[in-house]
Amino acid sequence: MVLLGLEVRFLRVLREVEWAPGEGLNLIVGGNGAGKTSLLEAVFLTARGRSFRSGRWVDLITEGMDAGRVEGRYRSDGGAFTRVEVRQLGAVRRMEMDGKAVQTREAVVRKIPLRLLHSHSGELILGGPALRRSFVDWNLFHVEPSYPDLWRRYRRCHAQKSAILKEGRGDLGIWNRELALHGDAMVEARAAYVKAMNEELTHVVEGFGPLSSLRVGYETKGYSGDLGSALDAIKEQEWRSGQCLVGPHRDDLTIEMDGHLCKGVASAGQARLAVAALQIAAERIFRARMARSSIWLLDDLGAEWDEQAQADCLRGILKVAKQCLVTSIGRPKDSLLRPYPHTLFHVEHGVLSRI
Amino acid sequence: MAGPPLLDQLIDALRCLPGVGPKSAQRMAFHLLERDREGGRRLSTLLAHAMEAIGHCTRCRTLTENPVCALCSNPKRDASLLCVVETPADVMAIEQATDYRGLYFVLGGRLSPLDGIGPRELGLDRLEARLGEQALSELILATNPTVEGEATAHYIHEMARRAGVRTTRIAHGVPLGGALEFVDNGTLSHAFAGRQRVTDD
Chain A
1 MVLLGLEVRF
11 LRVLREVEWA
21 PGEGLNLIVG
31 GNGAGKTSLL
41 EAVFLTARGR
51 SFRSGRWVDL
61 ITEGMDAGRV
71 EGRYRSDGGA
81 FTRVEVRQLG
91 AVRRMEMDGK
101 AVQTREAVVR
111 KIPLRLLHSH
121 SGELILGGPA
131 LRRSFVDWNL
141 FHVEPSYPDL
151 WRRYRRCHAQ
161 KSAILKEGRG
171 DLGIWNRELA
181 LHGDAMVEAR
191 AAYVKAMNEE
201 LTHVVEGFGP
211 LSSLRVGYET
221 KGYSGDLGSA
231 LDAIKEQEWR
241 SGQCLVGPHR
251 DDLTIEMDGH
261 LCKGVASAGQ
271 ARLAVAALQI
281 AAERIFRARM
291 ARSSIWLLDD
301 LGAEWDEQAQ
311 ADCLRGILKV
321 AKQCLVTSIG
331 RPKDSLLRPY
341 PHTLFHVEHG
351 VLSRI
Chain B
1 MAGPPLLDQL
11 IDALRCLPGV
21 GPKSAQRMAF
31 HLLERDREGG
41 RRLSTLLAHA
51 MEAIGHCTRC
61 RTLTENPVCA
71 LCSNPKRDAS
81 LLCVVETPAD
91 VMAIEQATDY
101 RGLYFVLGGR
111 LSPLDGIGPR
121 ELGLDRLEAR
131 LGEQALSELI
141 LATNPTVEGE
151 ATAHYIHEMA
161 RRAGVRTTRI
171 AHGVPLGGAL
181 EFVDNGTLSH
191 AFAGRQRVTD
201 D
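In order, the protein sequence lines correspond to chains A and B.
So the first sequence is numbered by the numbering used here: it starts at 1 and just counts up by one.
So the second sequence is numbered by the numbering used here: it starts at 1 and just counts up by one.
Treat the hints loosely; a few may be bogus.
Simulated coverage check for chain B against chain A, where a stretch passes if three residues somewhere in it have a Cβ under 8 Å from a Cβ of chain A [unchecked claim]: (1) 83-97; (2) 179-190.
A few chain A residues that don't get close to chain B, going by computed Cβ distances all over 10 Å [to be verified]: (3) Gly78; (4) Glu85; (5) Trp138; (6) Pro145; (7) Glu199; (8) Asp258; (9) Leu344.
What follows is a list of derived Cβ distance ranges for each label pair [said to hold, decoys possible]: (10) A:Ala130 / B:Thr87: 33 to 43 Å; (11) B:Leu63 / A:Ser134: 37 to 47 Å; (12) A:Ser134 / B:Thr87: 33 to 43 Å; (13) A:Gly99 / B:Ser24: 21 to 31 Å; (14) B:Ala193 / A:Ala163: 22 to 32 Å; (15) A:Glu96 / B:Pro18: 21 to 31 Å; (16) B:Ala193 / A:Leu89: 41 to 51 Å; (17) B:Asp125 / A:Trp239: 16 to 26 Å; (18) A:Ala163 / B:Thr98: 27 to 37 Å; (19) B:Arg162 / A:Trp239: 18 to 28 Å; (20) B:Val174 / A:Asp306: 49 to 59 Å.
Treat the hints as calculated values from the structure; they're not laboratory data.
On a predicted model such as this, the values are computed, not experimentally measured, just so you know.
Ideal Cβ positions, reconstructed from N, Cα and C, are used throughout, including at glycine.
Please model the entire structure based on the sequences and the hints provided.
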């Protein structure tokens, strides 16, 4: 997937931008608050229908204006064109894909695969398990056609069972049966995905310095074996606590280097580089199974990374990506960019120009 | 005492229909008043009458104006077969599409603790009584293949098992005229698991 063109009107500091990034590496250089991240945010908005920055929707609109608009034009690997437009009027957001109103964001997400690494991406390793579960789930969503349905059924079932536990009475058995059915299938899919990821990781992390021993595992929390027996065994405890205590909604990934959990031993920079490696491994699976490729957004190349880490990451990404949009506060050394076809841009006070 | 004008009340009342918003309700009201008063009068009498006269069948819980519906009181129907469905609309669908000659039991929903719908709300006590009193050769579970529909089917299956009644579940699978490669995995795996022996006739 390639972003051919981006049009922005009144999004944060970007008052009017027209951008035609090239294939390969696109580097956007600019000082703090110049609008680099907002540019990536605009791209992200057209691919996901939401922002990766926190805050209220209405804050996306340039101060003093009452509406903002972003349009992204994409070309798929098969050569098909897609146009996505997002309009923000006050707190109301409207999204159109190829001229039709978007009902669910899922359709857009499926159409425009995109991977993002920002300055806090290390959280995937250093933060809580929910982030890691959603990392696997999103990747499975793109490569396993039956997974979204499985996931929705499990969630629905989980909500029904939670209602019973909250109420304190009802028949747990029938819901446990459905939970076990979908939960076991989910765990199986996730574990198989993690296994495939490890195979890809060995190719990715060669030469990633201390991360060359990076491994991922899938951990069922609080049980082993089949979910049905675990749910039976824990019934009493669940009644007492009023919560669903075991199942894929509680599981976690173990991400290790040198046989230790990264969470305990990795520095912030190593954690962020490890996440880059995981994303690259996931992209390799996506490419191999779906014969498609994602657009990569890398916000703040220099955050927590020395030159070696920056070079490792760019090399890894550009081996699998057709297009990578990177921001940086300063202009990196030529030696970092030289190996790749690249285009340089400069942004200042929300105005973008080609260098 | 001046409430809102009658016209506004009518438009507001029409919005109780499913899928009818303010715009459609307004169009309906204007249409009846400007172009089809006769149709409007007929609708209002029938609505008033139906709301009072139509109730639920005491046997199968489907909609009927009699204590027992036409299906349940038809002696030609096979009383040893009972088909459990979620709504009266499902009864109609099966009647129109199949040559099923047995009787029905209408749940009026499916188990959903989130909405406070349990076995009692679905009349399962009545179904259980019926399983005990009647000699059934087969109980057909025709609830929807949603999470709730499956859970409901399983609940009733357990109930029937205790009563010693054989249950079957309707098959879910490949739509006729559909191509295998376009069927979603869930449906295809259901269809595959429920495959049938090819018979020589």
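Requested in this report: If any of the earlier hints don't hold here, list their numbers in rising order.
Outcome: Hints 1, 6 not satisfied by this model.
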